[in-house]
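Participant: Make a model of the complete structure from these sequences and hints.
Which chain is which? The protein sequence lines are A and B, in order. Position in the first sequence (from 1) plus 99 gives the number in our numbering. Position in the second sequence (from 1) plus 891 gives the number in our numbering.
Read the hints as simulated data drawn from the structure, not as lab findings. None of these values were measured; they are calculated from a predicted model. Where hints are given, some of them may not hold.
[Unchecked claim] Chain B regions said to be covered by chain A (calculated; three or more residues, Cβ under 8 Å): (1) 1049 to 1062; (2) 1079 to 1087; (3) 1136 to 1148; (4) 1151 to 1164; (5) 1251 to 1264; (6) 1306 to 1315; (7) 1334 to 1342.
[Said to hold, decoys possible] Derived Cβ-Cβ restraints for the label pairs, each shown as a range: (8) A:D188 with B:A1309: 52 to 58 Å; (9) B:K1107 with A:E144: 52 to 58 Å; (10) A:H186 with B:G1327: 57 to 63 Å; (11) B:Q915 with A:R205: 37 to 43 Å; (12) A:E144 with B:K1154: 41 to 47 Å; (13) B:M1011 with A:D188: 57 to 63 Å.
Glycine residues also receive a C-beta, built at the ideal position from the N, C-alpha and C atoms.
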Amino acid sequence: MKRFELIEHTADMGLVARGHNLAEAFGNAAYGLFSIMADLDNVQEKEPLKVELREEDTETLLFEWLNYLLYIFDVEMLLLKRFDIEHFDGFALKANCYGEKYDPSRHRLKRGIKSATYYMLKVDRENNQVQVILDV
Amino acid sequence: MSPWNGPLEKIDDYRWRIPKSYKQGMRVPGIIYADAEMVKQIREEQGPEQVANVAFLPGIVDCSLAMPDIHWGYGFPIGGVAAMRVEDGVVSPGGVGFDINCGVRLLRTNLMQDEVSPKMKPLMDALYSSVPSGVGSKGRIRLKGGDINEVLRKGSRWAVEHGYGQAADLEHTEENGEMGGADPSKVSGRARERGAPQMGTLGSGNHFLEVALVDKIYQADTARAMGIDEVGQVMLYVHCGSRGLGHQVADDYVKEMGRAMTKYGISLPDRQLACSPVNSPEGQAYLGAMRCAANYAWANRQCIAHWVREAFCRVLGVKEADAGLELIYDVAHNIAKIEEHQVSGHKLKLCVHRKGATRAFPAGHPEVPQGYAHIGQPVLIPGDMGRLSYVLVGTEQAMKETFGSTCHGAGRVQSRSAAKRRLSGRDVLDSLQSRGITVRAGSLAGLAEEAPEAYKDVSSVVSVAHNAGISKIVARTRPIGVIKG
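Facilitator: Shown next as structure tokens:
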């Protein structure tokens, strides 16, 4: 099973992420997000980041999860590549994420992402799959 | 994505209607400005569906509009214009987008091609090192706690007060670069954290700096009023927006308004259109925060333009006073504004959303600076990085039909991955260089995604705007140097 696939969108980009459960699909969506932004091969899993979120619905949880990570990247320049979801109930999420600070001598950034959007955002509970369009 | 097969009725050669009956819930029809050739391409994706979706928004008047650079976006189409009554209508952060006050400014110079061409390499190197660009770029300016509130309130004036540029620049900036009603208390901590280190940075994606030459002048008197005097004259473009601060403001309020929709009994076909009444606490908070982000973007372009001027004068060995580096104009193309317009004979106070659309006010409008009162507001339409860009002016026709709006750019026709499959970054670089364009780019992949071939031909876009009368072509420029973040 591929962790995520890109969706063609003329102006922007999108991704569909899958998992054995929805929690894993959320983790893979985050992995997809950072893969779009940077080449993750050289990124080591040495800096931890704890994330705890609670929202009113699962769609907003996905929107917030990805946008929170974009905020972290903007402010901390932290490139993340591993997302262990500790707790997930569709409304709340606790995750331990790992990565390292962007180092221009070793890391290659590919493109910036402004935000995850609600447009065509889908949480498919039966197939443990999520879809999101990103503003590039 | 699947093609769009909905009804598109031809009104005339440049106007196409999506009837109100297309979808239950549309409050007004949709109108797309395009020629027959463009319509074929527009139908290949879901842009028209998004025009129809915008027509659902409460308080929308007249039509849901799309300018000739319409393409598939999220929520609103890119190129979308919609005006809602302030009295009982809504404001939608999705009608502005994540890059609040993304916009363009154009500086003129007294220099000609033969003076600048021999120095293009050192000039581009100097511009590239003077203006931080690329993903996650941090600025040369570090805003401390209280400073950021000043930026959010004063916009370009903050920059000028801190030595970036001249007071005369303010008059030639939409809203004088300082939008009233900005309320820094409505901007979240996260937005401030993102914005503080990014002031004075270009960013990535389609943002750019460009050294251009005047290529053709269509209306000599109008052009002269702007300081566009002759073919071969050197011009400078800056295209960027409000960086992480604006993105975060949009995130915060799309989410908040999504929650408030039930309270206001609003239901919409796309959650990205989330909105609240203009006169609600949520609506007012968003407008207060959005204006802050708009001011941040104007300050950003003001600082960047200052470094561009410095680098230009240093490399070319000219004094700033002799270089004639005046700001022709600065336009916002992602914004919502409270404006008065005549609708069916009545003067209405409206919240005009322009998402990938440029204000195009006519001669004599009070918002048009004094020096341009007789010609109308300059409209700046950058093309893709290999081809032409255009300078137009606003018209009375735009006031009548499009709430004083026109197109904003070329509009993409190819997805980023499709562009990259066709051409590598190296191919794009070689092709631009063979056309005499010096390029500096943060990433080759980014360059491939922004390949000229991925865009519509901007000339056909502006000719539709011109022929429909919603703005008039004054001059065009062609690039000789491009910096991509």
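Participant: Output the numbers, in ascending order, of every earlier hint that fails for this structure.
Facilitator: The structure breaks hints 1, 5, 8, 11; every other hint is satisfied.
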